[in-house]
Amino acid sequence: MKSHPSNRPGRTTALAAAALAAGLAAGSATAENTLNVASGGSQNMVDYVTDYLGPLFEEQNPGWKVRVVGTGPGDAGSQKIKEKLEAQVDNDAWDTDVIATNQKKTGEMVEAGLLSRYRSEISTGDLVTRDTAEMALGTNVGGYVMPMFHSQTALAYFPELVSDPPGSYDELRAWVDAHPKAFGYNGIKNGMSGVAFVVGWIYTYGGNTDQVINGPYDPALKDTWDGALADLKAFNEHITFTPGNAGTLDMLNRGEIVMGPVWVDMFYTWQADGRVPPNMKLLVLGPGMPGQPYYYAIPAKAANRDAAKKFIELATSPAVQAEGIVNRFNWYPGIDAQHVQDSLDPAVWEKIFSDVTPADLAEKGRPFPLGPFFADIKEAYEQKVTN
Amino acid sequence: MRPFSRRPRHHPVPAGTAATKTIRPAASRDTHAHLRSLLLIAPALVTVGLLFLYPLGYSLVWAFRDETAGGWSFANFIKAYDFYSLDMLFTVVIVTLATLFIGVLSIAIGGYLTLGENRVAVAALRWLYRWPLFIPFVVAGQLMRTFLAKNGMMNNMLVGSGVLDPLSTTSFLDWRGIVITFVWKQTPFAALLVAGAMASLDRSTMEAARNLGAGRVRVLLEIVVPQVATTLMVALILSYVVMMSVLSVPLMINAQTPTMLTVDMAWRINSYGDYPVANALGFISYAMTAVIAWIYLRQGIREGGKPA
Amino acid sequence: MIARTSASTLTAVVLGLLAFAIFGPIANMLLWAVAEAWYFPHKLPVEWGFSFWERVFRPQGNAMESLVNSVLIALATVVASLAIAIPAGLALGRGNLPWRSFFLLLFLLPQAFPSVAVHMNIAHIFYKLGLNGTYAGVMLVHTIQGLVFAVWIATAAFAAVDRELEEAARNMGATAFQAFRTVTLPLALPGILASAIFVFLISLDEFTGTFFVGVPDITTMPLLLFTASMEGNYQIASITALILLVPSVAFMLVIEKFLRADVLAKVGT
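So the sequence lines, in the order shown, correspond to chains A, B and C.
Following the numbering used here, the numbering of the first sequence begins with 1 at its first residue and continues without gaps.
Following the numbering used here, the numbering of the second sequence begins with 1001 at its first residue and continues without gaps.
Following the numbering used here, the numbering of the third sequence begins with 2001 at its first residue and continues without gaps.
Looking at chain A on its own, in the form it has when it is part of the complex (with noise of 0.2 Å):
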């Protein structure tokens, strides 16, 4: 139910009117009590309120129902929840209850004073120490948000195809002039993972990594990438460009490509699906590739800030987390591992880790950068990549 129906003029009539027409109330606004979650990631996301944390909620909670809308994957679907929420700032109570967002709009929303401040609020706040759920990409977002989970970029292959894979980016580039156009990435306009793969790249040839992860920001340091894009040019010549996250996922689907990066969580959840054949397997290149959490946080006005602290209570969990987060849904918990560990069958945690293992996270596994270096890098791969 909606808290400030004297703002809506009209909307009552126009729902009821619409729910006699059709002769089925439409769900939305009836006497119950409606937690509003918008998520901006991909459709997992939106499968995983819809099917298993919100039934549970509204189980827990009875007379609350919870309605989830996604908005896309990537900066895209984030930035989307945070226009909607920047529109609607001279309101005084928000459509929007709880969000789950990526790293860097979560990061832009802190800043913009768009979210509320609640984890020491909650009961699960403090089951969570990795310095993500204090930084995100050089912002400080701690106590405003809750990580939902952790994800990793890597590199999905076919194991018949492809019988020496490669093991860093060295090796890539040797393999990829060896292999003309079998490898493919997504650029830098449609979606993470070829973002990860181009930031990874300039980890590796542009220097100063740790400065690019941590800070401080210098604009100057951009001008020491020119080497690193020049090559990443030459090399772009002897790949395949993809149409996005799934669209690398596609064309490895389809054998058009045999090697590229993806994300873990979206790559079991494909295979599981049957788009993806049951025999390709993953790989985090070395030196390191980019990982990062989703948040979970609440609108500074949020009409239902108490629902929506339950409802992140019971998302992270220890249960919720090893069941619905690692075992249905296979991503790397957001909260503290050992935490989740413990509720988890062995069997369930083998296989999530079975590519890609623990040490290999914790070896290669790297955060994205400070957000003004991630967006020198994207303009600068605009301007001498594709340029």
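Keep in mind that a hint or two might mislead.
As a list, the in silico EDC-like pairs of lysine to aspartate or glutamate whose alpha-carbon atoms are at most 20 Å apart [said to hold, decoys possible]: (1) K233(A) with D1174(B); (2) K1079(B) with E379(A); (3) K281(A) with D360(A).
These aren't lab readings, by the way, just hints derived from the structure by calculation.
Keep in mind it's a predicted model, so treat the numbers as computed, not measured.
Based on these hints, arrange chains B and C on the given structure of chain A.
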């Protein structure tokens, strides 16, 4: 040239009726009619004003505001040009090419529907050509992505039927894919209008020409097309404008750079939160449509479509 | 005789190719809608079935609600567009409006500006007016997108009505409004209804405006489709697309008999 040009406003009044009407001076009647017409069009103008021009005003401010220096400037346009000049060219070429194909195909379809002699074939074509009209752009993009790919359904079928050998297949998911998708989706729309215009022509000239031994192609090009030129132009303008502003098709089909301006706009906003450059790109895209609008206006004047 | 046969063979071949070009992609969609698993190097799905249909229509999902919303909003958009376009079309099609081409062009503008940038501004305004999250708000956003088709076609329809009939009615003592209601409007109506199909389709296709103005209270079918499609979830996208086709084709069948050649001939002129 126009088959149904609007009738002159001052008819000779049929005999016997003049007496029953109050005769007013022509000038005042014109002013009165102007006022009434403006009143009738007012709701539509208000809608465009409130729901489009007013929000567009914000875009205008974004595009011309220089945030670093303060004040107004062309800085955002210069940056947009620096980064995306190639994409601007690409967009024009793609959309123009698609428009040309749509024009040729819709003339061919309309022409066959009008002049075709095989009744079965005409009926089949009439039933056939409209289907893509109902497919939303999002769906069209997604259909073509799996259809045109290297190992997609089209190549599979061509290989299966022996037209192609498996090694010579190529992917069409680049600029060609965008053009193909646009043509596939928009041709039925243009053909619907063009065929409608052709069907309403006076058939006697066509038949006379046929009887004199003119081939059907010649009749189509020399008699039919000139008479439906205005409708054709309008159909193509609408298609051009729609294609300029579609985001989903280039986003889904063309993974490579260069890409279309709508993709760049979305990218500037989503990736950098850069509304100034995004809106500057929007106005550049607008300028490209303005050229088309100018052609339309000129045509309108030449045809006498603009009342005094 | 031989020439005749070869000509019909040629016609058949061309029609066949056209059918392939038109139905190939659509057939591809139908296959994906019933494919359980389909991966390289298989040319056809490896497993067939309807489990993804169950997923789309599962009670927790909001496919049915979105479909009902889509159709209701599209119908409302058609009504709103016609309400605006009929007087405007009358003025443009027959009135003595100065700068006629300029006005016609004005209605083209909303289609011409890439909507990515404008919709957020509209949302900002609508939040202030309390229109966000209402059917009326979504309908208005869709109306503006379809307005060029509604107005241009209504203009053509009124221009096609024979003026003498109207004057005859006036001469027999009818008021201007009576003449309009009993003569002009019925004659122009088929053309005006033809514009409805384009408005209906645009409304069914619209995505970004619905997101900014409708969500989270109102979701429509394209919102579901867009995410699934961008994600490469072909089964879900194909099924959703197929469902969207049903109202489009049904509406077309109703409207089809109104698509008259002489009206289409005058669109935009």
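- Task: Hints the structure violates: just list their numbers, smallest first.
- Result: As far as the earlier hints go, not one is violated by this structure.
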